[in-house]
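Participant: Sequence:
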Amino acid sequence: MFGNLVEDKPKILRRSVHFVLSEMIPVGGITCCLSAAALYLLGRSSGRDADVLKSVTRVNQLKDLAQLLDAASKVLPLVVSVSGRVGSETPINCEYSGLRGVIVEQTAEQHFLKHNDAGSWIQDSALMLSMCKEVPWYLDDGTSRVHVVGGRGATGLVLTVGSEVFEESGRSLVRGTLDYLQGLKMLGVKRIERVLPTGTPLTIVGEAVKDDIGSVRIQRPHKGPFYVSDKTIDQLIANLGKWSRLYKFASLGLSLFGVYLVAKHAFQFIMERRRHWEMRKRVLAAAAKKAAGQEEGADLNGKAESGSENTNKDRLMPDLCVICLEQEYNSVFVPYVLVINPFHTENPSP
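All letters in the sequence shown, in the order written, are residues 1 to 350 by the UniProt record's numbering.
Just so you know, not all the hints are guaranteed correct.
Unchecked claim - Cross-link-like lysine to aspartate or glutamate pairs, in silico, EDC-like; alpha carbons within 20 Å at most:
| no. | residue 1 | residue 2 |
| --- | --- | --- |
| 1 | Lys190 | Glu167 |
| 2 | Lys231 | Asp140 |
| 3 | Lys133 | Glu105 |
| 4 | Lys289 | Glu272 |
| 5 | Lys54 | Asp230 |
| 6 | Lys133 | Glu89 |
| 7 | Lys190 | Asp124 |
Unchecked claim - Label pairs and their in silico Cβ distance ranges:
| no. | residue 1 | residue 2 | range |
| --- | --- | --- | --- |
| 8 | Ile25 | Arg220 | 41 to 49 Å |
| 9 | Arg220 | Lys63 | 43 to 51 Å |
| 10 | Asn60 | Gly188 | 44 to 52 Å |
| 11 | Leu252 | Thr200 | 35 to 43 Å |
| 12 | Gly150 | Lys63 | 20 to 28 Å |
| 13 | Gly98 | Leu69 | 32 to 40 Å |
| 14 | Leu34 | Leu69 | 39 to 47 Å |
Please keep in mind that the hints were generated in silico from the structure rather than gathered at the bench. Just so it is clear, CB atoms sit at the ideal spot from N, CA and C, and this is done for glycine as well.
The whole structure should be built from the sequences, with the hints applied where relevant.
Facilitator: Printed below as a string of structure tokens:
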């Protein structure tokens, strides 16, 4: 028993520290304030991205991009917004969907039933394969084309689900027995193929540069936005502005709620301290009154009868409840002794 007490000392200490901190620190209010600060930063970031997108140079026709680069060679880097359709000289032929794309992502998930501790079977899955392929590709608007570098890592890129196939597991007796002994039942493999098909209209925001042979390409700038999206530049700006406002409104609401929780906790803490001080003052006053009564009772000892002495002592005792020390007592506890006579009979003879 004592060994368990020794082992539980760190746990008891941690619980005590946690209780003291929870009583002294308004955890809920501080958490709300920190969350509000994080949302405010997200709102500012979204608003800043929207302002940056408003300032980028919009290229209506890709044939004008080369001339624009020559004219703006002294103000590099040049961040532009271009639109066109996806194309490639060497597109990827998708294995399951049959589509032709420039970015293909394949995932394979093993689905199975798992035997839990309760004795029932629950469905679960595990990732088996995740691979992504990208070939050189470009945007073409009919007037010219511009090559895109590193588009797979751009913001806003959404790949289309080309195919979703489920392959059932084989019914091998040996394999099924081994899996069952391990608490598993293999269901099959789910293969998902996501692709950026050729011919997809896109808007790209990035840095426009010329390579060594004079070809124009769009790439991720060292500082600035890099977007690949099926939305127009105006839709991107409106979407970022909407999220910025939502983040700021949520931040304001959480801030007000957090301040309310902190103020409530502080008020309760102050009132609790005040109540403790009042109780302490009453206890000290009652103790002083009791000590004075005992001294006075000692002086009067031998001069009064026992009945009158008990009456004086009761008169000198404080009429406060010994539990709350605030209200007057309204009940007393009378000690009693229960005596059992083993020789007592139920029907005694006369």
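Participant: Against this structure, judge whether each hint is valid.
Facilitator: To see whether the hints hold, each was checked on the structure:
Straight-line distance between C-alpha atoms of Lys190 and Glu167 comes to about 6 Å, which keeps the hinted pair within the 20 Å bound. Restraint check for Lys231 and Asp140: the C-alpha separation of about 16 Å stays at or below 20 Å, so the hint holds. Between Lys133 and Glu105 the CA atoms are separated by roughly 6 Å; this keeps the pair inside 20 Å, and the hint holds. A threshold of 20 Å between alpha carbons decides the hint, and for Lys289 with Glu272 the separation of about 26 Å lies outside it, so the pair is violated.
The straight-line distance between the Cα atoms of Lys54 and Asp230 is roughly 18 Å, inside the 20 Å bound, and the hint therefore holds. Among the hinted pairs, Lys133 with Glu89 is consistent with the structure: their alpha-carbon atoms are about 15 Å apart, no more than 20 Å. Our distance criterion of 20 Å between C-alpha atoms is met by Lys190 and Asp124, whose separation comes to about 12 Å. Checked against the hint of 41 to 49 Å, the C-beta distance between Ile25 and Arg220 comes to roughly 44 Å, which is consistent with it.
Taken as a hint, the range 43 to 51 Å is violated for the pair Arg220 and Lys63, whose Cβ atoms sit roughly 24 Å apart. Our hint of 44 to 52 Å for Asn60 and Gly188 holds, since their Cβ atoms are close to 50 Å apart. Roughly 39 Å separates the CB atoms of Leu252 and Thr200, a value that falls within the hinted 35 to 43 Å. At roughly 24 Å, the beta-carbon separation of Gly150 and Lys63 lies within the given 20 to 28 Å, and the hint holds.
With their beta carbons about 38 Å apart, Gly98 and Leu69 fall inside the hinted range of 32 to 40 Å. In this structure the supplied range 39 to 47 Å holds for Leu34 paired with Leu69, their Cβ-Cβ distance being about 45 Å.
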